[in-house]
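Novice: Listed here are the chains, written in short residue letters.
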Amino acid sequence: MFWHNFKYSLKVLFKSKVLIFWTFAFPILMGIFFNLAFSDIENSEKLDVIDIAVVKSDEFDKNIIFKEAFENLSDGDDKLFDIDYTNLDKAKQLLEDDKITGYLVFNDDINIVVSSSGINETILKYVVNEISSNAEMINTLAANDINNEIKKGNYNINYEEIYAGAYKLVNKDTAKLHNISNKNLSYTMIEYYTLIAMACLYGGILSMYIINYKLANMNSVGKRTAISPVHRGQMLVSSLLASYVVQLICVTILFVFTIFVLKVDYGDNLPMIILLALAGSLAGLSLGVIVATLIKANENAKTGVLIAITMLGCFLSGMMGITMKYIVDTNVPLVNMINPASMITDGFYALYYYSTLDRFIFDIVSLLAFSILLIFISYFGLRRQKYDSI
Amino acid sequence: MTVFKSFWKVLLKYKGTIILYSMILIIFGAINMSTSDSSVNFEDSKPDVLIVNEDKGNKVSDNLVKYISDNSNVINDLKGEDEINDALFYRNVNYVIYIPKDYGKDIMDGKNPEIDIKSTGDYQASLAEMMLKRYIQVQNIYKLNISSEDEFIKLINNNLSKDASIEVTSKLDTNKLSNVSTYFSFASYSIMAVIIFIICLVLSSFKEKTINKRTIISSMNYKKYNRNLLFASFGYSFILWVFFIVLGIIMLGDIMFTSRGLVYMLNSFVFTICCLTIALFISTLVTNKNAVNGIVNVVALGSSFLCGAFVPAEWLPNSVLTFAHILPTYWYINSNDLLKTIQVIDFTSLEPIFINMLVVLGFSILFIILNNVISKYKQKVS
Chain A
1 MFWHNFKYSL KVLFKSKVLI FWTFAFPILM GIFFNLAFSD IENSEKLDVI DIAVVKSDEF
61 DKNIIFKEAF ENLSDGDDKL FDIDYTNLDK AKQLLEDDKI TGYLVFNDDI NIVVSSSGIN
121 ETILKYVVNE ISSNAEMINT LAANDINNEI KKGNYNINYE EIYAGAYKLV NKDTAKLHNI
181 SNKNLSYTMI EYYTLIAMAC LYGGILSMYI INYKLANMNS VGKRTAISPV HRGQMLVSSL
241 LASYVVQLIC VTILFVFTIF VLKVDYGDNL PMIILLALAG SLAGLSLGVI VATLIKANEN
301 AKTGVLIAIT MLGCFLSGMM GITMKYIVDT NVPLVNMINP ASMITDGFYA LYYYSTLDRF
361 IFDIVSLLAF SILLIFISYF GLRRQKYDSI
Chain B
1001 MTVFKSFWKV LLKYKGTIIL YSMILIIFGA INMSTSDSSV NFEDSKPDVL IVNEDKGNKV
1061 SDNLVKYISD NSNVINDLKG EDEINDALFY RNVNYVIYIP KDYGKDIMDG KNPEIDIKST
1121 GDYQASLAEM MLKRYIQVQN IYKLNISSED EFIKLINNNL SKDASIEVTS KLDTNKLSNV
1181 STYFSFASYS IMAVIIFIIC LVLSSFKEKT INKRTIISSM NYKKYNRNLL FASFGYSFIL
1241 WVFFIVLGII MLGDIMFTSR GLVYMLNSFV FTICCLTIAL FISTLVTNKN AVNGIVNVVA
1301 LGSSFLCGAF VPAEWLPNSV LTFAHILPTY WYINSNDLLK TIQVIDFTSL EPIFINMLVV
1361 LGFSILFIIL NNVISKYKQK VS
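As given, the protein sequences belong to chains A and B, one line each in that order. Just so we're aligned: 24 in this note's numbering is position 24 of the first sequence, and the numbers increase by one with no gaps anywhere. Just so we're aligned: 1053 in this note's numbering is position 53 of the second sequence, and the numbers increase by one with no gaps anywhere.
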């Protein structure tokens, strides 16, 4: 009976177009949307070449340190600026048309003109400040050297060489920085992790559907099975097993799609990834079971509740804005501790970003505890359901 | 009136969905508002930097900390390496500086100690790195000739205190305006989802086979029947639009009562009308309630992702944006983006926005025509 029911449950599940859409097609469609929307976002946050203009004037031509500094900064592969040397009217026009971040006017002093505040504008201002402080340093250093030469009694001073030496010293990169950050810093990955979480929880629609199928108050097939001399527990377990199998197939397809087509990085620990997918799907299954048993409403309403819970969970774990997960984690950690979508997302995050497994194990244990609790509650809701007439 | 009334009766059954989408908009709006201050003067962008100072109490190290603190937002409340790593991953911190033990002493001894850093590699992190490098550079040069700590620090600070004069041409409060634009762009998702979802569900109740048959044989003129449904759908969309505008006014404040705010409202109204026509079109196309659910999610989420409702359009790949031209949401969001940069509101500056609105209206007309064609075809078939 167990396998008989298992087989027919599988058939029922695979034949429902709506179920197949939500559990198979929808996550893949969302994955494609994510990929289209987020593929460029991290690149556009990297420091890019900044377009600026310099208003040509005699003062600028005389200011050798600035002139050379700007030539260096707008040269080579890692250049910071693209500079348009032009006249004042043209520069104003370029700024108005949003073609440049700002322009520089050299009078007695240096004047920076920008259209608004912003990061590019700040960098421009910062670089100008840096060049003027470098200029001051060069002058001080050169003056010191010249003084030293005079003190030594050497009056035949090679000014050019001293200035060149000072210039070289000031512009030599002596800062020794060692970057120890983790290389896996791609935060858009969280989006795909929430997607897997969504697919796992949407699997609840399958278990809900199959439980409804066995409930006498939902379905005429349910009525017939209720009066048949079959052990109810055995039948429910075999139906749920069928829905779990379908769920795992859909999560596997999504994994294959995200890894090979969308190039999502889940870290290198394959057994742990599989374990997380199994535990996540179990949480989805238990969520579906509890919605099916505890909520007394028609099937559409139940589906609505399940989708709403899943979407809210995914929202809180960062699907609609990645920082949301961080905000919830740091301010109201309790919310994400009981949110299965966040447990799944966090598990993948832990695998991707952390070198130790502590956090991951905590997530897995939370997921299992969540599932067992829900199944336990549903068990008490389902047992001894009897109808004299319906 | 019977039809009109029963429309609202069915609609009220779905109030949970309307509340859910509105809540998402409110949460998004509130988070968005809390992240920026408003100002029209030049404000330096400050990266979020975390400093782990193992050399506390040394004047030279403390001066480095002071310089970084003055030019960035220092994040203090993180404990332990895990919290730092989390903050870095979610970009709550852009740059972490680890000042090693005896750093100050080593500098005064003429060494050049290495500093560990963690970086997100984005704009803000690059700015923080520029600051740190510049400081170390200045420090390394002045230490060549100086032996007294105090004089050394004074020289460094003197050199770093240079501040070029900067002039801002725009008189717009860009932070505030970009909040308004972000709110309205995100609202495109809420408007579209709620209108299409609810109208399709309600209308599909009217199109259920048995109900439809009863309606057809009733004495009511079918024109009147259709008109009633249309009015009710329009009424619902209008109320929803007013509701989202009121939400906007509560969250964004008096900027909504300026002429610019009015254009934002008008733009969203045109978009609402377009969503209504899409909803009517989809309701003719599919009457299965379960299918409606799927279609709404694909249409609403799809156009929001591709047109820049969730991710600002400037960050989307060009190919996606080119494709997005065939979606009405693109034109709506484009107007929102333009509105935050226009300096003076007058007819010439608003021209591109009016053109966008016309395009959105054009889409509406297209959907009305399609709707008629499909319903005629369906009538013939049945």
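Quick caveat, the hints were computed from the structure, so don't treat them as lab data. Keep in mind that a hint or two might mislead.
[Unchecked claim] Examples of chain B residues toward chain A, derived with CB under 8 Å:
id, residue
1, I1019
2, S1022
3, D1086
4, N1092
5, D1163
6, S1165
7, E1167
8, F1234
9, V1298
10, G1302
11, T1322
The C-beta atom is built at its ideal place from N, Cα and C for all residues, glycine as well.
Novice: All hints, please: hold or fail.
Specialist: Against the structure, the hints:
Interface hint status for I1019/B: violated, as the beta-carbon distance to the closest one in chain A is roughly 10 Å, over 8 Å. About 13 Å separates the beta-carbon of S1022/B from the nearest beta-carbon of chain A, more than 8 Å, and the hint is not met. For D1086/B, the interface hint holds, the least distance from its beta-carbon to any beta-carbon of chain A being 7 Å, beneath 8 Å. About 6 Å separates the beta-carbon of N1092/B from the nearest beta-carbon of chain A, less than 8 Å, and the hint is met.
At a threshold of 8 Å, the smallest CB-CB gap from D1163/B to chain A is about 6 Å, leaving the interface hint in force. A distance limit of 8 Å between C-beta atoms decides the matter here; for S1165/B the minimum to chain A is near 6 Å, and the interface restraint holds. Given the 8 Å rule on beta carbons, the hint for E1167/B holds: about 5 Å separates it from the nearest Cβ of chain A. The beta carbon of F1234/B is not positioned within 8 Å of any beta carbon in chain A (closest approach about 25 Å), and the interface hint is therefore violated.
The criterion of a C-beta within 8 Å of any C-beta in chain A is met by V1298/B, whose closest approach is roughly 6 Å, and the hint holds. The restraint placing G1302/B at the interface with chain A holds, with a minimum CB-CB distance near 6 Å, inside the 8 Å limit. With a least beta-carbon distance of about 12 Å to chain A, the hint placing T1322/B at the interface is violated under the 8 Å criterion.
Hints 1, 2, 8 and 11 from the earlier list are contradicted by this structure; the remaining hints agree with it.
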